[in-house]
Every structure is written in C-alpha cells, then in structure tokens.
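Residues per chain, in single letters:
Number of protein chains: 2
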Amino acid sequence: MALFARVRAHQVFGADTDVGKTIFATGLALASAAAGERVAYLKPVSTGPAHEADASHLATFAPQVASTTLVQFSDPVSPHLAATQATGALPDEAQDAQIIHGVRQWLMQQHGTAIVETAGGVHSPAPSGLSQADLLRPLRLPTVLVGSSKLGGIGTTRAALESLRMRGYDIDAVLLFPSERYGNDVYLGRLLEEEHGIPVFALGGPSDGGWGAPPIRAPTTAEDVAAMRTYYAGLVAGRDGGGLGSVVRHLQKRHTDRLAELRTLGTRTYEQCWWPFTQHARYTPQDVMAIDSAHGDTFATYNATSQSLDATLDGSASWWTQCFGHAHPRLTQAAAYAAGRYGHVLFPGAANQPALDLAERLLGTQPLAFPAPGSWASRVFFSDDGSTAMEVALKMAIQSSARRYAPQAGSKATQQRIRPGRAAGSLGGRPEREWEVLGLQGSYHGDTIGAMDACEPSTYSDHVAWYRGRGYWLAPPALATRNGQVDIVAPPSEDWDFGTKPLGSFASMEEAYDVEKRLGTPLADEYRAAINATLERLVIVDCRRFGALVLEPLVMGAGGMVFVDPLFQRILIDVVRAREDLFAMQDAPLRDAVSPAADGRSPSEWRGLPVVFDEVFTGLFRLGYASATEVLGTTPDIACYAKILSGGLVPLSVTLASSSIFDTFRQTPEKVHALLHGHSYTAHPVGCAVANETLSLLDEMVRRKDWAPFQAQWGAAWSFWDRAFVERLSRLDGVASAMALGTVLKIELADAAGGYASTAAEGLLAALRSEHIHLRPLGNVVYVMCSLNTPQAILSQTQAALEAQLRS
Amino acid sequence: MALFARVRAHQVFGADTDVGKTIFATGLALASAAAGERVAYLKPVSTGPAHEADASHLATFAPQVASTTLVQFSDPVSPHLAATQATGALPDEAQDAQIIHGVRQWLMQQHGTAIVETAGGVHSPAPSGLSQADLLRPLRLPTVLVGSSKLGGIGTTRAALESLRMRGYDIDAVLLFPSERYGNDVYLGRLLEEEHGIPVFALGGPSDGGWGAPPIRAPTTAEDVAAMRTYYAGLVAGRDGGGLGSVVRHLQKRHTDRLAELRTLGTRTYEQCWWPFTQHARYTPQDVMAIDSAHGDTFATYNATSQSLDATLDGSASWWTQCFGHAHPRLTQAAAYAAGRYGHVLFPGAANQPALDLAERLLGTQPLAFPAPGSWASRVFFSDDGSTAMEVALKMAIQSSARRYAPQAGSKATQQRIRPGRAAGSLGGRPEREWEVLGLQGSYHGDTIGAMDACEPSTYSDHVAWYRGRGYWLAPPALATRNGQVDIVAPPSEDWDFGTKPLGSFASMEEAYDVEKRLGTPLADEYRAAINATLERLVIVDCRRFGALVLEPLVMGAGGMVFVDPLFQRILIDVVRAREDLFAMQDAPLRDAVSPAADGRSPSEWRGLPVVFDEVFTGLFRLGYASATEVLGTTPDIACYAKILSGGLVPLSVTLASSSIFDTFRQTPEKVHALLHGHSYTAHPVGCAVANETLSLLDEMVRRKDWAPFQAQWGAAWSFWDRAFVERLSRLDGVASAMALGTVLKIELADAAGGYASTAAEGLLAALRSEHIHLRPLGNVVYVMCSLNTPQAILSQTQAALEAQLRS
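As you go down the protein sequences, you meet chains A and B in turn.
Here the UniProt record's numbering is used: the first residue of the first sequence is 1, the next is one more, and so on.
Here the UniProt record's numbering is used: the first residue of the second sequence is 1, the next is one more, and so on.
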C-alpha cells in the first residue's frame, strides 16, 4: 500500500485501450501543475517504440512534469507478449515484484502529485502475464478510471469498474469524453454516483467540429502539436471552468479526506467498539493498529508520525485464519459468484451445490490431492465458528454416550436420572452427576458457554458466572526444543509421576512425530499404564461419568502453543476406546440396560467414548498436514474445522461425524431426538464457495511438485521455519524452548511466572512492532504464523528480526 | 431461473459491442441445427432498423431457425436511449418484468436448442436503464460469452466475465476469433481454464487473407451473402473438425451434466450432510428441496417430475435473514470490494473502516434516515450469529450484576460465594445459587449452551445434557386477532391469575401498539402489581438471584411467533428498573458491600437489572421498525442484532452495550476483568461492508417517499400483509388467530395439542409447497415472511393461495 501525506498519488486505469488514458493522465498532470503542485509521472510498463511512448507524449505537452518509464518494450502489443518476444520466455513472478518495488521506490521520492499511468485496460496482462489490476494491488493506489465514450462504453466502463472494485481499489473519479450520441457520461454519472458515490466527469477540449475528444491527427507534426496544445488548454480549463482543474480539486479533497479518515480510524474505533478478548483499560488511542487494507502477508497500517501507510507483517495470520494471504483474488471471485447466484439460502431440508461440494470434498467423495480430513466421517454439519462447531460436537458426543450408556428405554428411575438436572440435588441417594468430558490441561475450544465448559478452570473462567468446567483434564507431556534438542517434557500431574527429567529426546522432529514407530517403545507402555490407572480411579473410585474425549490434536493453540506429545494423545485415544467396559459401568449402580457387546460391531462404530478432534486451529495444513490423523495414525468420531477452512475470508465451520454418531440422532422419527441445533446462515453458499476455492488452492499447491515442503519431506514433520534457526533460538539465554511445525513458530521465553496472563513477552512484541511485525500476545510465549504461500524473503526477514531481538 | 431438460437454452453475451456476437450466435444456431436439433433464436431487445436487425441476419443465413424479437427500437443506440427517444420517457421497472416474462414464456415453448442473444455488451442498459446482466438474472440462463479478439480484448473479456460471474451466471464457454497478433485466445484459454475451468474456443472461418474473423463487406449484397455463407460453413465445421460443432457438443455435455448434478443434488445432500434442527428420519431423498440458485423472493428449485426448475417462494425469508431478496447485486459488490481490500483482518486492538462505519451507524454517530437502533448505546461488540451475540450479552449483563451486587471487594466469604460454583453444593449454610435470568415463557435465544440456558426448559432441551435453564420465566399476555378483532389473551400462569377472558380488545393494531397511551390504563396497573408481587416472591421468599432481564421484544419468534403485549413488556422493564432495592438485597444474608445509591447516577446507567433486548429476529424492519424501542418507548442496556443485519448474505452479529455496562469490564487494568470472548472472524470486513450496504439500502428505502409503508402510516404499527385479509383469516374455521406486523404474517391453526412439536400445519405446508410456496414448520403456527421489497403481486398471490387452502 502506498499512501503518504506529502504526495497525492493516483493510478490512471483505462476501461479499454484507446479511451484517452494518456490524454487524461497528461491533462491531470497539467492541471495539477497549474494548481501549483510539483508533478511527477510514471509509466511502469510501456510498449511500442520509445518515441511513441506516453512518456514522450508527456515530455512534449507537459515538459514541466518529470516523467519516468520503468520498463519499455518496443513491440506495441500487450506487455506479456512484448516481454515474451523480447526475451523469448515469460518473465517469472520475481519480475512482478521488481516492478512493484520500482513503483514503490519511485513514489517514496515524490512530493506533490504523482501520476501512475497503467498500460492498456484494467486486466491487460503485466509482463509476467498477471492481470495489471492484480499486479498493482499491493500498492492500492487511489484510482482514476478513464471511461469509454464509445458505443458499448457504458458496458466496458462498468465492467472495468467492477473488476477494480472487487480488487479493493477506491475509485476517486471516472473521466471520459462527453458523447451526445451515446450519452455514456450521463448514464454513468447517474449510476455511479447513486450506487457508489463515485463522481463522473465528462470532459474534453476544443476539437474537430466542437468540444470533446481530441482532434484527429493534423497533416504536419507542428500543426498536430499546436492543435493538441490548444486542446489541452481547453481540457484543463473547461468551457465553464469545470475542466480538469475541478477534477484536481476533487482529488485533492479526496486525498485530504482519506488522510483524515485514517487519522481518526483508530481513535473512533477505540471509543465506540468493544474489542474481543481485550482489556480496554490497557489501551490508549495511539496503540490502535489502524488497518487501511491488507494484501498477501501484510497489513497497510497507518503511521501517525510519518502520516503514511506502513506494510506491517500480519504475524498471527489474523488470529490464525490466513492461509493464502489477504485479499486473494480467487477467493474474492468465489465469494462474489456465490453471492450473485444465491445470496444465502436456508439449509434445513434443502440443498445447495457449494455446501454439497464442500461436504463431499471434506468426506473424500470428491477426492483431492491430499487425504480428505473426513475420510472416516459420513456427515458434515455446518455452523459459523470454531466455538459453535465445538458446541455441536459436544452435543453429538454426549448425547451418543447418554443413549448408549443410559438408554431411554430404561426404568422410570433411569429416565429420571438421565434427565438433565435443572437444579443441583441428589437422586437415588447419590449425587446427580454431569456427563463430563475427558480432556487435556491447557486446551481451548471457544468462548460460548458449552465450549468453555469443555475446558479446565482458569483465572479467566473465574469471571464467567455460568462457566462450570464439566470435565476432567489430564496433564499431557509435550515436545520442546531445548538447547538444540527435541525433548519430551512432562508437567507436574496429580494423576501420575513422570519425574522432572525429560521422558526422552529426539535427534529430529521426524523421529518425534513418527508415532507408529514409537508405539512399541517403553514410554508407550508407561503412558498406557498411567492412563488406564487414572481412568479406573476416575470412574470406579470417583464415580465420574464421561461422555466424550475431547482433544486439540498435536498443538494446543490458545493454551500456549503446547506441542503435545503425539504418542501420548494416540495412547490416550487407544485406551479410551479399549475401555468400553469402564465407561459402560459408569451408570452401573442404577443400570437397567445392557451395554452393547463390544464385538460384532462395525469398525466405524465409536467405542468407549466418542473421540472429538478440535482441528479448528490445527487442521488444513496449519501444521503441515491436512489433518492430525495423518500423524496420530488414528481417526476421531467427530472433528471440527474452521479458520483456514474458509480461506481466511468469512466465518464458516464444520463438524464432521461418523455414521454411528449420526445414527444416534435418527433412531426414532421424533423431532426431539434430532440434533436440535442450527444457525440462520448454516451452510451459507458464500462461505461454502470460498471454502471450496480454498480447498482447490490447497489441491493445486500439493499437486505442484515445486511446492517446497512437498519436495523436502512430504508426509513427515516439516516447517516453513528453518530448523537450524529454531535450534539456534532454543540455545539462547532468555529462551526456554522453541518449536516449529508447518506454518507455526513458537518461542517460549524463560519466565518463572509463565502462563497466559504473563506479560513477559510484551517488550519483545513492542520491539518487533517497531520493525513492522505485528504479533499477538500469548503469555510468555511468542508465536509467528505464516501463510502457505508466504515468500521466503518474508520468512527470512522475520527470522532475522526475531533472532536479533532475542539476542539483544 | 429457466432450465428445462427438453430445451438446451443459452444466452449469448458479448464482452463488448462489435466482437462478433451475432456471428457466433448464428453459427451456434447453424451448428446445433447441423447436429439435428430443433433450434430457435430470440433477441429480447433489438435496436436499429428492422432489416439490419440480428433476427433478419439470422433469417438470411439460418432460415431453418425460428427467430423472434421481443422489442424492436429503430434507433441503433443503447436500448435505454432508444426507448427514451421512442417514447419520450424512460420505461419503468414494469417493462423489465415484461421482458423477463416474455423471454420465459418463449423459452417454455421451445424444444431442442434455444439461443437468446443479448444486445451490446454485458452491462449495456436495458430499456429501463438496468444493466442487461441484472435484467436477465432472474432466468440465470447458461451463458456463452463472446470474447474480444481486438487489442485490449483480454481486458474487456476478463472484466465482462467477472461481471457476469459476480451475478451468479455459469459461463459454459468463451468464443472468440483467433488473433495471432494479440494472442488473446491463447492467454484467455490458459487463464480461464486454470482459474474457472471455462474452455475458450478460438474459432473462425475462411475470410479475407486466411481463416479468422468474418470477411469485410463485399461490393454487392449477393457477393456479400455468398461470402458469409462460405464463412459460416467454415465456422461451423472448423479447419480440423473443431469448429462450432465441437462447441455444440461441449454445450450439450454441459447441459446434460447440469441436469445430472441437479438430479443428484438433493440425494447426495441427504446422504452426506447433517441438517440443522432437522429430524432426518422424517425425510426421504425426494423431500429435499434442491436449490439451483435464488433471486429476489424466489428459489430456483429442481422439479424431478418435469426435470426443470421451478420458481419457489422463499416464504420463511431463508430463516428470517432476507430483507432485499436473494442475490442483490449491491450486496454482492459490497462483499467483493471488502474481500478485495482486506480479506479478513484481525480485530483485537485494531481498526478497519467497514467495522467502524457499521458501529457508528448502529450507534447513530453517522446518522441515517431512521432512528439508530443503538442511539442509547456506546459500544458495539461483534460476533458471528444471534446465539454468540446472546452469549456475549449474557456475559456482559450477569457480570455487571455480579460486580454491582456482590463486589469482589467484599469479604473472603463473599468472594467465595460469588465464585461460579464448579460443582453443586452449599455455601455458608445456604444452597449456592445461580445468577439467573428473568425472562418470558416461549422465548428463544439460540442453540449454544449459554443461550439455551437463558430459555425455559422444553421437550427439546430435555435432550441436551448440558442444558440447565438458569432463570425464571413469566407467562406474558399476547395479542391475537380472533374473529376479526385484536384481543389481549393471557396464558395460564403460576404467578398470577388474569382469568380466561381477553384482558382487552382493540379496534386496530395502531391502538394496541400505542404503548405510551396505554400506560395510563387500569391494565397497566394490573400488570405492574402482578409483576411486583412475583418479583418480591422470587427474591425474598424463594431467595433467587437474578443477573439480567432478557426479552425478545414485541414478537417471540421460534417460540411460535407470539405477539407479546408490548404494554406488558414495557411495564416489566419499568418495574425491574424501579426495584433496584429488591435486586440489591439478593445477596443480603451474606452482603458486606453497599449497593450504589439509586440517585446521583447518570440516567444512562443501568438500574435494577441490565435489560437485554434480543432483536436478532425482531430488529431492523423485520417488524416494520428499526428497533422495538420505538414501540416500547424505552431502551435496553444491551441489545443483539443479526439476521437482516448482514443483508441475508453472510453471518454477522453485534451486541450493543451502554457505557455503564462497558465500564464494568475496564474498572481495573487486569486482563481477567475484560470481556474474554472473541471469535476468529470478529468484525470481518466482508460482513461489515455488507451490513453497511444493507443499512444504506434501508436508508434509501426510508428516504423514498413512495415507499408504501412510509406513505401509509410511518411510525405506527403497519404490515406488508393486507389488514382485511388478516381479519378474514381470523374468522375462518380452523384458524385460532392471525396477526401481521411488518413483514411477518402469522396464522395460528386451531389445534388442541398446540406447541412447537405439533405437526398440525404439515398438511397445509405440503399443499402450499405444491403451489411453489416454501414455508418452514413451527408447530401449529404457519407464518410467512417477506422482504422489504417484495412486489405487491407476490404478496397478493401468496395471500390468495393461503386463503384458498385455509378455506378448503
């Protein structure tokens, strides 16, 4: 993004070729100069002989304007062809980056007015073949669109405008020659003002037969130049003083207004909005990150000191949602198509193609190049966010347990007992008991009450009156790179004593994540014995009643980016499934129904407890895998996806379920036995279409053999972050441990206090912020999360900045 | 939407004028005829002399094709100018509807192939001035786009394609003349195949100097015709057999595939998706409503019998979300712009313009033509749906009560007491008590556990293990039109005895909803006394502890469209606010902190209990008012909006809060005292931009003095449904009562069983379904909900269908 208070920059796009783009760009330069401004002009890419180039036209008619051309091709065709013909090969994406870099550098040197004239139409291909509108998007310059006054010009102008707007450009003005015959100016003037508040200026100068488009070419150059000079004078002044001079005044005002909006954006938000998960008392208006726009890995953030926009790295992937960067044009187009085809259509008892396609891709009915996350599942339930997806998962799981272990068909006493206890009390001489979840300490599943209740108590839930914490949470051993080596570290636990020394060490991440191989180790037996003993105590001695095993596989995110030992999670799942005898006896004292036999059942039927994977954060390549099932070597009965699912664009989540879970809810035709949960926008086509496009992009990424992780170590534990860098960090003073998997880099700072509430990392985050890297706090843990297409240069810069700060 | 198995229909759009649209349309007709199909051709709107018209071109070169022109203007300019010049005035929207009707009628008469050739480019204005792409959208015909092979044609073709796709059109093929010079065909071929799977066919015939674009005009007509005939033969056959004949085969396949997708859409969804709030055992695959697309008030639904698409009325406004109909192009464009500018950007500690604009419009900082729903509020908290908005509201309200009435600053005993009870038990010799909500029987606030807990127990919550029902719910008197008269009907209650006769009757809805006037009536005193007595019993005798008053104002939606007596709700709010003495003593036995004095406080500070309005369903003109505050004459302390908020397109919700609520959460700089709630996509720019555009459309609607409700009785109780019709219905046998307010029509069927579980209405709904009216079941209540721009014709047809069915 490029916006600086000291320079009023505009890019001039044409609705088509030959609509007068250079005339208007030259005229704008002249009018700006006439208004007393210093004016510079840039043609990033020019095709055709140099003496015919727009810059040379400008030199003739606006010699007071400094003009520059970045790239010049001699053949007057589209730049992508000119480039091919000049070099024999299509330039690669690096050349695009060079052009953008060149424009940005040029802009930074300007004062006053800067006019960037594009080549051809809105979508004319850049040298690399990329649409010019996409090429220039990182700068998001305020835009002047030159409309077409020809027959059909209404259509081409409007389509060009829509293409620009769907790439997030602000169009400050549409300029075109007046046309009495076709009235394009009148029609567009009314329409664009009404629908978008964009003013249309119909402008011309003295010309053949009147006032309008430029004169036709005169017999001699001298006459031609003279005629054009006269024309330009008229174009700038206008017949009634309303020529390009008035456009310049309008553009000056837009520039001023835009800066004023940016100046107040943070303060007004600070005063009127209520941020999620934020203590407002810790903020001042100056702390607010005012985001003008975003592209790829960066935000354009307002810098009050320089009164300009900075490119700030979105180092938390906008709360872990981004996977292909901000404002990806294919996701925008997918959203726009679905909006245009459906808007939203209700889902109960109905079907729409984007929802079905998404379901089939998640289940594997429509295969992709990577393992379907729900290959084991038979059903997809849609909701709006990770928290609602987990509420749905909990309802699915606990009701399945309740119907198997305390069936309605039981006695009156059983029926009463399994009724949700509306008020506390006792029943049958024993305390009424919750259907609890079995989970891990440090887990997080969302902020609605049901999702909160599936997490252990903390200082945060203390302040939520309705929080109950209905479960038991085990303390899981975790992986941590310490002094260059991957250790298994066990936290203190009331359930078992694994000692204080590391339970093991690995030479490589690959080894640590080779769960199948580790299943035969003594540690696996230790885990198995400890978990079995704990479960027996909980159910038999403590008389607790469990309805679900709930896990964030591999990494617990909000709980501090804890890299749980995958072997522990695998063994936990195996033990829970093996101990159906234990869970079936939970209601033994009052039981009157027999537990289903463990044999003779379909292998897809859930056993022991329904196993819920919360893959809201961990799934869909965040950790380098489509699903943690690939690492754990086992599948859940229910799993939740969100965040990356909808490409980091709009809210959407899914809860996948196996057939035996689904069947629980249609055992009878009674409506009350259905899963009575739903949100208005369930399976909204826009979200589903964006999710499908995201899966398509992931599919293409995996199919491309040049995708770095694929080449390096596909299927094994890998990371976008350099392994040697991670090991170096882990050896630094002040760093307790480090880890990296997939897109996630975690640095645990040495801090005795620890925990989420810690403010230990605040200094580091502030220092990085001044280097334009925005990270979110997470206690004494600092994490960085990239997208799946973050350029290597950004990764390297970020690593260097982190290492420098941590060493200092 | 127009799709019929027996007719392969295509509309031919041009990327620009003069790109060969008529040539390709004629060629397609010839190639289809050559493939043995019956072919018909339609030009909906034609400009220019009749003998130069495309239809006459077709008559010359494809005489075997039946060609029709619906509207012919003699002036060869854009239809909107031609129409103006022909009639002296712009045709109104009715003329658009006539054209669509004409095209649809024509299509229904066809077999084989039907080709509809549009005029000019994609956005060429229709006679009314509407973009042609928007005009034809209700039919959503499979589209062939003729691309431009000119210099700049890549840009115009791509922009045209994007404009078509963002209106939900499926583009089956792009046709254009080959061009070695510019290579548009090669570039577009690669790009469109890769990004959208759209094949590009570069086609031509023998022509001047080779094979390509049509020959230039020959000296005589005969020569000209002969040259063109030769050209067409080549265009159809192609040099290598790959001419338009191959395009026809591709289009035939797309037609077949499209029908196959539609045929299986319902079944595959039935087998792989899990519908919200639906008992799957009650469905067969044949029951599924397969929605191909939607526009305005209707779905295009697949009819397996006729193998075609029906226009089915979306009579539940897609679960109460629609307000300007499906696929409104302005909402699509707003979404696309925000997606292109931001994607999503995280919100905590940050700011983005769409979120701020939405906040300021809801709070009234940026005024609109109607009262700001949150004129009383100071803060906007964003989340994803009504249920999460209510979870946020409950956390806000209860925590505010807890901090006022049982402050942390108290003794150790107090602190222990106000800690959320993790397990049931007793404290200080008395049972630990919930912070409960005070609410109304029949209310509904969403399906997450916290939102469910704010509703009374029902047969549905019986089956949700973690449901607790933390509150007390009063039985509210309600309004019902019975035998042509609006009665106040009181349900039986344990709290008071209002008898079984109506508490009152009104000659008009206006009278019933004139709360201010009714405040002085004896009934107001009766309500006041009853509520006071009940509250005293609950707090003093039953020792219950309340943290919030939670209401769906005016109408309780999911609970059966109950039109609560607004006077009762007003008095309830007034009494709760007046009885701070009561709520302050809730913790008296263990109190050690003094309640804040009732005087000396800001009028904006909450009193008694925080009052929460759940306006998720009722707000933003669903009931004809921007907010129920306009009727009740009082404001809440917290309010929730969703559904209409985001224009019926994507999920978004807000919770508004007054400053005294907000301040509770920043009394200390401790993070744990903040409102610790957030979702990844909080304040996502796409949703906020769509919400802003929705508010703009509402604003324009209210400003238009011709808006029917505005003219009739702005500010008073009014309805889109005819009052006389409602009164007639209420007199029918089988109808217990009827009501209508704003967009909502409610019919309560006489059914002793009653309640949501009832299936009494199922027969009626099935009968209406066969008349292409889709309604959602709600026990013995049938309701219809329209948009704010539903045409009168649709309202009248729906009323007639309902009345006929109810009389039969």
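I should point out that these hints are in silico values taken from the structure, not numbers from a laboratory.
Remember, it's a predicted structure, so these values are computed and weren't measured experimentally.
Just so you know, even glycine gets a beta-carbon here, dropped at the ideal spot from N, CA and C.
Careful, some of the hints might be misleading.
Stated by the list, open to error - Derived CB-CB ranges, DEER-like:
1) P603/A <-> H250/B: 41 to 47 Å
2) D208/B <-> P63/A: 55 to 61 Å
3) A750/A <-> P371/B: 52 to 58 Å
4) W211/B <-> T60/A: 39 to 45 Å
5) D462/A <-> S796/B: 57 to 63 Å
Claimed, not checked - Partner residues aside, some chain B positions facing chain A, computed with beta carbon under 7 Å:
6) F277
7) H326
8) W435
9) E456
10) T459
Here is how each hint holds up against the structure:
Here the CB-CB span from P603/A to H250/B is close to 44 Å, well matched to the stated 41 to 47 Å. For the pair D208/B and P63/A, the supplied restraint of 55 to 61 Å is violated, since their beta-carbon distance comes to about 44 Å. Range check, A750/A to P371/B: about 56 Å between beta-carbon atoms, so the 52 to 58 Å window is met. At about 42 Å, the beta-carbon gap between W211/B and T60/A stays in the expected band of 39 to 45 Å.
Between D462/A and S796/B the Cβ separation comes to about 58 Å, which falls inside the hinted range of 57 to 63 Å. Checking F277/B against chain A by beta carbon gives a least distance of about 4 Å; that is within 7 Å, so the hint holds. The beta carbon of H326/B is positioned within 7 Å of a beta carbon in chain A (closest approach about 4 Å), and the interface hint is therefore held. Look at W435/B: its Cβ gets to within about 4 Å of chain A, closer than 7 Å, so that hint holds up.
A hinted interface residue such as E456/B counts as satisfied when its beta carbon comes closer than 7 Å to some beta carbon of chain A; here the least separation is about 10 Å, so the hint is violated. A distance limit of 7 Å between C-beta atoms decides the matter here; for T459/B the minimum to chain A is near 5 Å, and the interface restraint holds.
Consistency note: the structure conflicts with the earlier hints numbered 2 and 9.
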